[in-house]
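Enquirer: Sequence:
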Amino acid sequence: MATPEFIRDLRSSVGHQLLWLPGVSAVVFDDDGRVLLGKRVDTGGWSVIGGIPEPGEQPAETAVREVYEETAVRVVPERVVLVETMPPTRYPNGDVCQFMDVTLRCRAIGGEAEVNDDESLEVGWFDLDALPALEDYALIRIKRALEAGPTWFRGMSEADA
Numbered sequence: 006m007a008t009p010e011f012i013r014d015l016r017s018s019v020g021h022q023l024l025w026l027p028g029v030s031a032v033v034f035d036d037d038g039r040v041l042l043g044k045r046v047d048t049g050g051w052s053v054i055g056g057i058p059e060p061g062e063q064p065a066e067t068a069v070r071e072v073y074e075e076t077a078v079r080v081v082p083e084r085v086v087l088v089e090t091m092p093p094t095r096y097p098n099g100d101v102c103q104f105m106d107v108t109l110r111c112r113a114i115g116g117e118a119e120v121n122d123d124e125s126l127e128v129g130w131f132d133l134d135a136l137p138a139l140e141d142y143a144l145i146r147i148k149r150a151l152e153a154g155p156t157w158f159r160g161m162s163e164a165d166a
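Following the numbering used here, the numbering of the sequence shown begins with 6 at its first residue and continues without gaps.
Derived from the structure by calculation, the hints contain no laboratory data.
Treat the hints with care, as some may be off.
Calculated cross-link-like contacts (lysine to aspartate or glutamate; reagent style EDC-like; alpha-carbon spacing at most 20 Å) [what the hints assert, rightly or not]: (1) K148 x E89; (2) K148 x D37; (3) K148 x D134; (4) K148 x D35; (5) K44 x E152; (6) K148 x E124; (7) K148 x E62; (8) K44 x E83; (9) K148 x E74; (10) K44 x E127; (11) K44 x D141; (12) K44 x D122; (13) K44 x D134; (14) K148 x E83; (15) K44 x E124; (16) K44 x D123; (17) K44 x D132; (18) K148 x D36; (19) K148 x D106.
Since the model is a prediction, treat every value here as computed from it, not as a measurement.
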């Protein structure tokens, strides 16, 4: 994931210490029920599309921007699927971040899936019964996006929700 300018500016003051940051994930489906995935440059693994909002940017705007920037696909956000605090991540350069992720279910409305920036090695549409290897967090986001239920909050039991 390319580091936004405002985070590079923060890092010049705070060094590698933990930054608490917002994140947005987009689970994008096409009219055939396939899900859009990107093979990430930083990990080499497949995942749902996501990124960091610019200061003042709404989560839905971030989803639309990130999906287009990374895949050239135009989307419309449909609903909030999941809100979750991720575990801290330490990057190879020593930076530590922890993300509060808002996952949105999105519907593709145009464009052809292609690598559209330097954050992805490959992008493509996948049938749900033919997904590549994915980290658990990506599988959970896809599963929750397929459910018709309300927004899912990690740590809340069905009785608490």
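Enquirer: None of the hints should be skipped; say for each whether it holds.
Expert: Hints, one by one, checked against the model:
| no. | hint | verdict |
| --- | --- | --- |
| 1 | K148 x E89 | holds (14 Å) |
| 2 | K148 x D37 | holds (17 Å) |
| 3 | K148 x D134 | holds (12 Å) |
| 4 | K148 x D35 | holds (16 Å) |
| 5 | K44 x E152 | violated (25 Å) |
| 6 | K148 x E124 | violated (24 Å) |
| 7 | K148 x E62 | violated (26 Å) |
| 8 | K44 x E83 | violated (24 Å) |
| 9 | K148 x E74 | violated (24 Å) |
| 10 | K44 x E127 | holds (5 Å) |
| 11 | K44 x D141 | holds (15 Å) |
| 12 | K44 x D122 | holds (12 Å) |
| 13 | K44 x D134 | holds (18 Å) |
| 14 | K148 x E83 | holds (15 Å) |
| 15 | K44 x E124 | holds (9 Å) |
| 16 | K44 x D123 | holds (11 Å) |
| 17 | K44 x D132 | holds (16 Å) |
| 18 | K148 x D36 | holds (17 Å) |
| 19 | K148 x D106 | holds (16 Å) |
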